[in-house]
Amino acid sequence: MSMNAKGRPTKPETSNISPQFGSALLQEEGLLHEVGHCDKTGVDMEKLSGRTSRLGYLERSEATGMVGLSEPEALRHYVRLSGRNYAIDLGLYPLGSCTMKHNPRLNEKLARIPGFADIHPLQPTSTVQGALQLMEELSHWLLEITGMQTVALSPKAGAHGEMCGMLSIREAILAKGELEQRRRVLVPQSAHGTNPATAAACGFEIDEIPANAEGRVDWDVFCSRLGPDVAAIMLTNPNTCGLFEPDIRKIADLIHEHGGYFYCDGANLNAIMGKCRVNDLGVDAMHINLHKTFSTPHGGGGPGAGPTVLSSRLADFAPVPFVKTGKTGKLQLVEQLNDAPDSFGRMCAFHGQMGMFVRALAYMMSHGGDGLRQVSEDAVLNANYLLARIKDHLSPAFSGTCMHEALFDDEFLKGSGVTTLDFAKALIDEGYHPMTMYFPLVVHGALLIEPTETESLQSLDAFADTLCELANAAKSGDQERFTQAPVKAPLRRLDETKAARHPVLRFQENLQNT
Amino acid sequence: MRYLPLLDEDRAHMLKTIGVDSVDDLFTDIPKCARLENGLDKLPEHASEPCVEQHFSELAAKNINAGSVPFFCGAGAYRHHIPASVDHLIQRSEFLTAYTPYQPEIAQGTLQTLFEFQTQVAQITGMGIANASMYDGSTACAEAVLMAARITRRSKCILAPNLHPHYAQTTRTLTHTLGIGIEQAATAIGADTDVMQQIDDETACIVVQSPNVFGEVIDLRALADAAHAKGALLIAVNTEIVSLGLLKSPGEMGADIVAAEGQSIGNSLNFGGPYVGLLACRDDKKFIRQAPGRFAGQTLDAAGKRGFVLTLSTREQHIRREKATSNICTNSGLCTLAFTIHMALLGDVGFRHLAKLNHQKACDLADQLSAIDKVELLTPMFFNEFTLRLPKSAHEVVENLAKRGILAGVPASRLFGEGIMDDLLIVAATETNSDIQLSQFATALAEELS
Numbered sequence: 000m001s002m003n004a005k006g007r008p009t010k011p012e013t014s015n016i017s018p019q020f021g022s023a024l025l026q027e028e029g030l031l032h033e034v035g036h037c038d039k040t041g042v043d044m045e046k047l048s049g050r051t052s053r054l055g056y057l058e059r060s061e062a063t064g065m066v067g068l069s070e071p072e073a074l075r076h077y078v079r080l081s082g083r084n085y086a087i088d089l090g091l092y093p094l095g096s097c098t099m100k101h102n103p104r105l106n107e108k109l110a111r112i113p114g115f116a117d118i119h120p121l122q123p124t125s126t127v128q129g130a131l132q133l134m135e136e137l138s139h140w141l142l143e144i145t146g147m148q149t150v151a152l153s154p155k156a157g158a159h160g161e162m163c164g165m166l167s168i169r170e171a172i173l174a175k176g177e178l179e180q181r182r183r184v185l186v187p188q189s190a191h192g193t194n195p196a197t198a199a200a201c202g203f204e205i206d207e208i209p210a211n212a213e214g215r216v217d218w219d220v221f222c223s224r225l226g227p228d229v230a231a232i233m234l235t236n237p238n239t240c241g242l243f244e245p246d247i248r249k250i251a252d253l254i255h256e257h258g259g260y261f262y263c264d265g266a267n268l269n270a271i272m273g274k275c276r277v278n279d280l281g282v283d284a285m286h287i288n289l290h291k292t293f294s295t296p297h298g299g300g301g302p303g304a305g306p307t308v309l310s311s312r313l314a315d316f317a318p319v320p321f322v323k324t325g326k327t328g329k330l331q332l333v334e335q336l337n338d339a340p341d342s343f344g345r346m347c348a349f350h351g352q353m354g355m356f357v358r359a360l361a362y363m364m365s366h367g368g369d370g371l372r373q374v375s376e377d378a379v380l381n382a383n384y385l386l387a388r389i390k391d392h393l394s395p396a397f398s399g400t401c402m403h404e405a406l407f408d409d410e411f412l413k414g415s416g417v418t419t420l421d422f423a424k425a426l427i428d429e430g431y432h433p434m435t436m437y438f439p440l441v442v443h444g445a446l447l448i449e450p451t452e453t454e455s456l457q458s459l460d461a462f463a464d465t466l467c468e469l470a471n472a473a474k475s476g477d478q479e480r481f482t483q484a485p486v487k488a489p490l491r492r493l494d495e496t497k498a499a500r501h502p503v504l505r506f507q508e509n510l511q512n513t
Numbered sequence: 000m001r002y003l004p005l006l007d008e009d010r011a012h013m014l015k016t017i018g019v020d021s022v023d024d025l026f027t028d029i030p031k032c033a034r035l036e037n038g039l040d041k042l043p044e045h046a047s048e049p050c051v052e053q054h055f056s057e058l059a060a061k062n063i064n065a066g067s068v069p070f071f072c073g074a075g076a077y078r079h080h081i082p083a084s085v086d087h088l089i090q091r092s093e094f095l096t097a098y099t100p101y102q103p104e105i106a107q108g109t110l111q112t113l114f115e116f117q118t119q120v121a122q123i124t125g126m127g128i129a130n131a132s133m134y135d136g137s138t139a140c141a142e143a144v145l146m147a148a149r150i151t152r153r154s155k156c157i158l159a160p161n162l163h164p165h166y167a168q169t170t171r172t173l174t175h176t177l178g179i180g181i182e183q184a185a186t187a188i189g190a191d192t193d194v195m196q197q198i199d200d201e202t203a204c205i206v207v208q209s210p211n212v213f214g215e216v217i218d219l220r221a222l223a224d225a226a227h228a229k230g231a232l233l234i235a236v237n238t239e240i241v242s243l244g245l246l247k248s249p250g251e252m253g254a255d256i257v258a259a260e261g262q263s264i265g266n267s268l269n270f271g272g273p274y275v276g277l278l279a280c281r282d283d284k285k286f287i288r289q290a291p292g293r294f295a296g297q298t299l300d301a302a303g304k305r306g307f308v309l310t311l312s313t314r315e316q317h318i319r320r321e322k323a324t325s326n327i328c329t330n331s332g333l334c335t336l337a338f339t340i341h342m343a344l345l346g347d348v349g350f351r352h353l354a355k356l357n358h359q360k361a362c363d364l365a366d367q368l369s370a371i372d373k374v375e376l377l378t379p380m381f382f383n384e385f386t387l388r389l390p391k392s393a394h395e396v397v398e399n400l401a402k403r404g405i406l407a408g409v410p411a412s413r414l415f416g417e418g419i420m421d422d423l424l425i426v427a428a429t430e431t432n433s434d435i436q437l438s439q440f441a442t443a444l445a446e447e448l449s
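Residue numbers (numbering that gives the first Met the number 0), protein chains in the order written: chain P, 0 to 513; chain L, 0 to 449.
Just so you know, the hints here were simulated from the structure itself, not pulled from any lab data.
DEER-style ranges, computed between Cβ atoms:
| # | chain 1 | residue 1 | chain 2 | residue 2 | range |
| --- | --- | --- | --- | --- | --- |
| 1 | P | Lys329 | L | Ile419 | 22 to 28 Å |
| 2 | P | Ser398 | L | Gly230 | 55 to 61 Å |
| 3 | P | Lys329 | L | Gly189 | 36 to 42 Å |
| 4 | L | Gly18 | P | Pro227 | 45 to 51 Å |
| 5 | P | Cys222 | L | Glu48 | 47 to 53 Å |
| 6 | L | Glu48 | P | Gly55 | 54 to 60 Å |
| 7 | L | His87 | P | Leu178 | 47 to 53 Å |
| 8 | P | Gly399 | L | Gly180 | 49 to 55 Å |
| 9 | P | Glu204 | L | Leu448 | 54 to 60 Å |
| 10 | P | Val34 | L | Ser433 | 32 to 38 Å |
| 11 | L | Cys50 | P | Ser398 | 41 to 47 Å |
| 12 | L | Gly230 | P | Asp219 | 47 to 53 Å |
| 13 | L | Gly180 | P | Arg224 | 29 to 35 Å |
| 14 | P | Gly55 | L | Ala187 | 18 to 24 Å |
Glycine included, every Cβ here is placed at the ideal spot set by N, Cα and C.
With the hints as constraints, model all of the structure from the sequences given.
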């Protein structure tokens, strides 16, 4: 080993050992309930006056059992835990159907302005005119982008928006006196699981439509399933195979002819902004995932926001509350069901995800109409470039170009002893979050890749190189590299069967390290 | 465009690699009649960061934020102090910009904090287990009703008369499609225990909020016994989770499912969202199997190290599709993190102190306000919120006091519509109210009514 003048080594010894926890940058960290203490607190408060409570026998007599941390300990605990998460800010996050794009920090700053973050949902409306104006502006942008008649802002996530759309459809059918008769909702096989779950929660029966060999709705099957008992079709467009449904206008017309409605799952709106408007496609209702298309942070699983645009056929049935302009020009909230006689009801306690509205509107204004169109063009361009770069090494599920995401099956792994899961886990060792796996259900061992528009050419090239190299390694018989993966993550593969068979859902003293 | 990394030369290179002439060649599946040739030309063009910031500052300036005035609104959303470290930690990229933890090997940060969250929620509610969150308290309430119906295989649900009306409406909207019959007597202070008379052999559950929408604290024990005697479940609703630092927990009083709003811990008012719904229940296989939403569970990795995964997902929509227990997918991830960190900072000691402080402030305020001539306190047993009968329209009083720079609470008519309880005012006080603010409110109300 070489030494410098002070006798210190200048070069590390080479080693094949991969990073392990326990080093300065990769700290082990116990559970809160192991590192905390029941007598500790990290919050100083005003002293208690000693007056007796009014609660008498309903007062708690026992401690909660929770532990606390001082502020330095809390910072250390959660910063250490944060180091065990992958994130967009660390690298490409190619989860198909999830649109994991860059989250602008300006939007975080704006959402924290006290004038938005520190206002109460039931303050007099005279004291929240700016908030109501913001909701109106957001609505304007969403309606311009989609061409639809109205938007219900209150749904709190995509699936909640689906519910809003399907309840509007149900109400419209009820108003026509056809609810007894229209029981069936057509759902393509490639749909997100939320679609059939939503239709079922609205009391409908689900009729699954298979995909054709090109990954689109099978036209003949679709036609054969139409009838006077059909309430609606729930269709994702572009669909979850990453393909635009070229027959969409015909599908819409036909479902309308048969007295049904067209619900469009808006999860993939990122592919078509400024290229077409869903109203022109014949859509009656569509939720918009502000946490996908309009970049509000996904936060490890929410909060999302699912404003739902409605066509003129459904607009009257929208849920309360909503904003309207009063006679004096002041903005008002319609909150009582009595004031909205056709409304199907209420989706949640208050007005929706204001914090997400601020972020989404800031995102839209930053991009402008021109930028939003560029977003969709670049998202589709990036996906197609990636597809072109890797299509000879992996096996694309369908021929031709794609929209904002590219679907592959596991044909390229055939005979290698490597599964889709193994392939995905091996990506972790290469420094990437895996793509969506085993979804959609229409192809075997699906791998769905969505790079989004916020990846650079260099980033796409590096990812493409990695995918090709991995595919070749799998084919050349380096099975262990895949079946053992990941070996460079904080943890090796986790035993999900054990977790489900013997559920441990909270900390318990006697169950440590089982 | 500052958020888009591609250069024109990159785009040209990429089109060439793909083998098409222009980007429009990638959009040819869009029917010609629907193509937008001119894009979104009715919308403004892209804007610089200062320009956007300016617009939002102007909008924000048109609102009166709670922290700038004496502030006493509650009724389902409460203003509490959030330690600075909470907001700092939840803005770490690794938490903020992560997806749902579907790849547990590289999502232990999120999964472990969810496990800690579930533990804390179970501990404060006194329940066996809790899930990884719902959208908010009202949707948690609706989901709890559906869960109770599945567990009992019954379809009648009785809502207590003083359940927050928005919770009642949300529950009705989200459950009636599945044949759940909702019964609810007219709202009336002191009438919640009357639901006992409505329980019969077809009742799946009774839903009782404590403290209720008027702030009244309810003894749930007799209600739990009455429900259980008929094979029905008690769903306890809580919209001010800080109250559980001072009150007997719903679990201790016999609740089977708890549906609550967790906003008070770690989350700002945000004009109503995002918030964090809490759903806790008995640690019973039958309950767990019918629960909505996600659970983080403990397990081991291939090398025998402890780790956490999303588990019991055979209940969920991505596996079970139309047979799922709920359609919920994305929930309130980052809000649960804020809750968990704030709660970890409080600990048991801080949480109980915070609750006592809230109760004390509210008691002081109630004493001062009810001493005003013709003002009557209608809810003697309350936590940090109570209801007053005023000698005139509460709506008018609130509007007038707002003009004087005091946000005096929520008129009952805002929640129930005008005409029934126009003279009732629901008032909340928290640790954020100084003693000076309490007297400012009392003085202003006395002047307003004189």
